[in-house]
Structure formats: structure tokens, C-alpha cells
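Heads up, the sequence shown is in this note's numbering, so the first residue is 151 and it goes up one at a time.
In short, the hints are calculated from the structure, not lab data.
A quick note: this is a predicted structure, and the numbers were derived from the prediction, not measured.
There may be inaccurate statements among the hints.
To be verified - Dumping the calculated EDC-like pairs for lysine to aspartate or glutamate here, alpha-carbon to alpha-carbon at most 20 angstroms:
no.	residue 1	residue 2
1	Lys-263	Glu-200
2	Lys-671	Glu-681
3	Lys-679	Glu-667
4	Lys-656	Glu-602
5	Lys-553	Glu-272
6	Lys-551	Glu-605
7	Lys-679	Glu-728
8	Lys-266	Asp-278
9	Lys-553	Asp-598
10	Lys-715	Glu-681
11	Lys-188	Asp-278
12	Lys-188	Glu-178
13	Lys-656	Glu-272
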Amino acid sequence: MPSTWVPVPGKRRRVGMPKVRTGCLTCEGRRVKCNEVKPRCGGCAHLDLECLYVRRKLSAARPLLPLPEADHVRRGHVIANKDLPTPESVTVVTLPGFTTLCFRNEAESRYFKIFKESAAPELSGYFDTNVWTRTILQVCHAEPFALHAVIAIGALHTAISTAQNHSPLHPSIRRKQGEVHHAFALQQYATALHFMRQLPLQEKSEPSFRRTLISCLLTTCFENYVGNSDSALVSAQHGINILVELERAIYPKFSPRHTHLSYFLHTLSADDLDLFSTFVRLETVVILFRHMIVAPDPAATSTPGLTLGSDGSPDSLRFLDMPEVFESLTQAQFCWVLSIKRVFQWQGACMESGFSCVEGAEAEKQQQRQQELIRLGALMYAEARERWLRAFQPLFDRSRKRKGSKEFCGASLLMIQFLSLGILTSTEGRQSELCWDVCLPDHIALVDLAAELLESIASPASKHSRTEKRHAVFIFDDGLLARLNQVATRCRNSEVRRRALSLLQKHPRREGLWDSEMAAKVSAWVIEKEEAAMVNGYVPETARLRIESMRLSLADRRVMFSYSKLMVIGEERIVLPEVQLRW
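From just these sequences and the hints, can you work out the full model?
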């Protein structure tokens, strides 16, 4: 019987179609067809995934970041520039609750909302401040530079959140999404800088000062976000210099009966006092950063800043008058940061006391006067420290009953800073590293408070998870990192310093000009080197390292530092070759 041939069904071939690149990145990564519905395609909406489209690229002949002209701002509304890489037709989106804010496209409104709901509360940090959550948002209604800077920071915040997101997407897709957010942030920042350059520089009115201060605040924040610490320092110092001019303009208004502190606390509006306090804290952050990161420089430490009337006389060294009991955390914080400023002025005088431009008998007299001022400054600081603690203690005790609240966080941080500054001033000028051993009780109290604070603000899920990596947070103000780094590198009790190191590693964050991963990397290196030479659980003086200076590049995730070591007791410390670490 002849065999019957039966055709075997073969694999059907797809009909050839031209490949398009206009779909969303999520569908591209999943290798599925995108229906290209905007702002969210059908596939992403069905699976509840983030949907992100690539903006059309610029042609090579166009400038990389064209800036809008002045005539693109009409009646407070930002009109799209045809040269900017925006969608073909401008979409004006108005957010609920912000009737006067107009955006050129949906992306701008989305990033603004992210800043308002996520980035601004995070930037506010441990204290109850309205600078980021209210003042800057209000300025966005009238000033295009503020609006575009806020959108840029919101886009950067989204890029960081995307990189840390534990989504089912492939890491390469998340990385590509982050690059899109980052590119959008740079474009918006360039536009913001363009509008900042148009601000009137010669006008000396208070509104002009306020606009300039806020522009400095936003540029410092953005540069810090991207890791440009040098540019952030320049922007911060410019804002401080502007505030010094404002302070000098205010001085003639003082009467002999009123102290400067009473004027600032009772005359300025709440928002202006909040803004002023932010820059006073920022100045202390800059000085502390230069003091602890860069090799201490008398000129940097003693540069006139927000001096509040210091003229170099014994009377001007007196610390600010303080109330018997602080009425609020804002009052306690304001008095504290001004006291810190006084301490740094005193430390600058200590560093300059060994140098003189004159010779002979006059030089000796000048040296004696300087030493007397230093002695008076130390006595006045000790007195002011005790008065501040007495006024603050009732507020601190009351805050313990509201764990996790802003009052609890702010009071905890102030007490941590109080302990840290006491340790620094008690060891000022000491050549031996053994002087840090007597500060062990304060180191223990500092780490206990820091652990309690960080755990109180951690998310409920991360508190009970041993494997989940906590999301990094970005806080504008200085906070815990410098203090924990101080404990980890200067306290030689193994248990205490390793607790401080563990907090740096467990709670990733950027605070002011400090990065937790950078601080943890340096601290771990110092601990490993010192404890390798321990004798019966004790680090001898010849094994103790002292970091002399640091140079860091947060953008490149790199830190270079030099350190010294005492080879023979009784001799000078020897500075060893620079070390470079990456994280």
C-alpha cells in the first residue's frame, strides 16, 4: 500500500513589520508590544507598572541645552521655548490646589508633585521647618527660576528613587529610566539658572534679598543632590554673604534695650525667621565641613559671617542672652546654632594665636591680649553651654513622650549636637589622641540617642526586615553623619565605635555635605587599621590614626584623605601617604 504523504505543519512566520522606537521603556524591556497610549500605555496600566517614554532627541546641530529667552515669561506663566526638547504641542497642566502654576507638559507637573509630596518633607529633615514645604512652593507661583529648580530637584529625587526601587524590572531598564529622569533634571536646572541670572543684583530691598537667598538655597540643594560638593559650598557661601549684607542693613534698627537675638525672635515673621535660621545652620554646616573634612584653615574658620555684632572686643565674645526656659524647639535651635557660630569664632582665634605680623615687645603684648581673649571665650562658652542646657532640658524631657514626632526628632538631634560639640571643644588643641578616652560616656550617650532617633523614623517594614535595604534619604541640613563619623574614628572603645559604624551602614542618607556611605567607608578603614594593632582590647597611642584632611567627590563616589600616626611617643606625628577609597 503506497504511503500517503501528510504535510507537517511548520512554524508560522510573523509578518514583517517596521521596528519602531516610540513605545515606552517598560514595554521595551519586557519585549512586548506597546500601544503607545500616553501618559500610560495599556500594558503598564494593566500590570500597574511605571510607564516612561523617551523624549525625542535633539539634532546634532542644536545646542545641548538651549535656554529660554526673557519674553517666554508672560504674566508669571512659563511659555515653552520652541528650541527646548519638549513635546510637539505644549500641554499646560495645572495641579489641584495650585491654580496659578502652569506647566509646559505632563512631566513637569509630575515632577513638581513629587517634590511637593516626597522630596520637600525629606529635605526638611528632623526639624519642623516650612522652608521647603511652604515658602519655596509659594515662591514658585511668582518666580520661574524657583519653579524650574523645584521641578529639577523633583526629577533628581525620582531618579534616585528609581535606582533604589525593588521592582520586577530588569536593572538595566531601571537604569535607563533613571537616566531619563536625570537628563530631564539637568535640562530644568539649566533653565532655572537662566532665570536666576536675570534677577536684579543691585537692588537692596528685602524682597530682592529673599529671592536671592532662595535661589542660593535651591542651587546648593541641586548641586548637593548630584554630588558637586565644591559647587554646593560656593552657592552656600554666596547665600551667607548675601545674608551678612541683610544683617548689616538691619543693625541700625536696633535700640540699646534690645539684643540681636530678641530682635530676630520677636520682630521677624515666622517664615523669615525660618529662612534666616536655615542659613545660620547652613553656615555652621559649611564651617564644620571645612573644619572636619578639609585641613583646618584659620582663614576659613574665622571668616566674618553671621557674626551678630562680634567686633573682636571682650564684650563681643559674650554669648547670646537666653531665656530661662525655651518656649519652642525653634527658639532652642536658633540659640544653639548661633552659639555654635561663636564657638567656631573662638576656635579660629585659638588657631591664629600663634601667628603675628609684628615683632619685639609689641608682638608679645599682642600675644598676651589674644591669649586673654581666648581664655575669656572658653569661660563664656562653658557658661553659655550650661545656660542652654538648663533652658533646653524641660523641652527635651517633654519630647521623650512623643517618640517619632518632629519634636522628638529635633530635640534628639539638638542633644546629639550638644554632646558632640562638647567633645570637640574639650579636646581642642590636644596633641595626644588619648584625650578622647575621657569622653567615652558622652560617646555612649550620643550613639544611644542616634540609634533611638534613626529607628523612630524608619519605615515600619524596614524595622522588621533583616534583608531589605533601606532607601536612602536626602536631608538638606546637617544631622547625624558628622557626629557618628566622629565617634567611629575617635572613640577607641570597640563596641561603641562599631555601633556608630553600624548606624552609618544601616541607614543610608545624605545630610548636608555628608554621605553615609562615604563616612562608613572611611570609618571602617580606620577601625580596621587601628584594631589590627590592639593589645588586650586596647588601642595604644602609637596605633591611633588621626585624619588630617579629606577631599571628596560624591559624584564619583570617591574620597581621598591623609592621616597621621605617632611612631614614637614624645615625638611629632608623621603624616602618611594619602589614601583613596571608593564606594
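Status of each hint after checking the structure:
1. Lys-263 to Glu-200: Roughly 16 angstroms between the alpha carbons, so the hint for Lys-263 and Glu-200 holds.
2. Lys-671 to Glu-681: Distance of about 16 angstroms is within 20 angstroms: holds.
3. Lys-679 to Glu-667: Cα-Cα ~18 angstroms, so holds.
4. Lys-656 to Glu-602: holds, 13 angstroms
5. Lys-553 to Glu-272: Since the Cα atoms of Lys-553 and Glu-272 sit roughly 18 angstroms apart, the hinted pair holds (cutoff 20 angstroms).
6. Lys-551 to Glu-605: holds, 15 angstroms
7. Lys-679 to Glu-728: holds, 15 angstroms
8. Lys-266 to Asp-278: With a Cα-Cα distance of about 16 angstroms, the restraint between Lys-266 and Asp-278 holds, given a limit of 20 angstroms.
9. Lys-553 to Asp-598: Holds: Lys-553 and Asp-598 sit about 14 angstroms apart, inside 20 angstroms.
10. Lys-715 to Glu-681: Holds. Lys-715 to Glu-681 sits at ~14 angstroms (cutoff 20 angstroms).
11. Lys-188 to Asp-278: violated, 38 angstroms
12. Lys-188 to Glu-178: At roughly 15 angstroms apart (the allowed maximum being 20 angstroms), Glu-178 and Lys-188 satisfy the hint.
13. Lys-656 to Glu-272: holds, 18 angstroms
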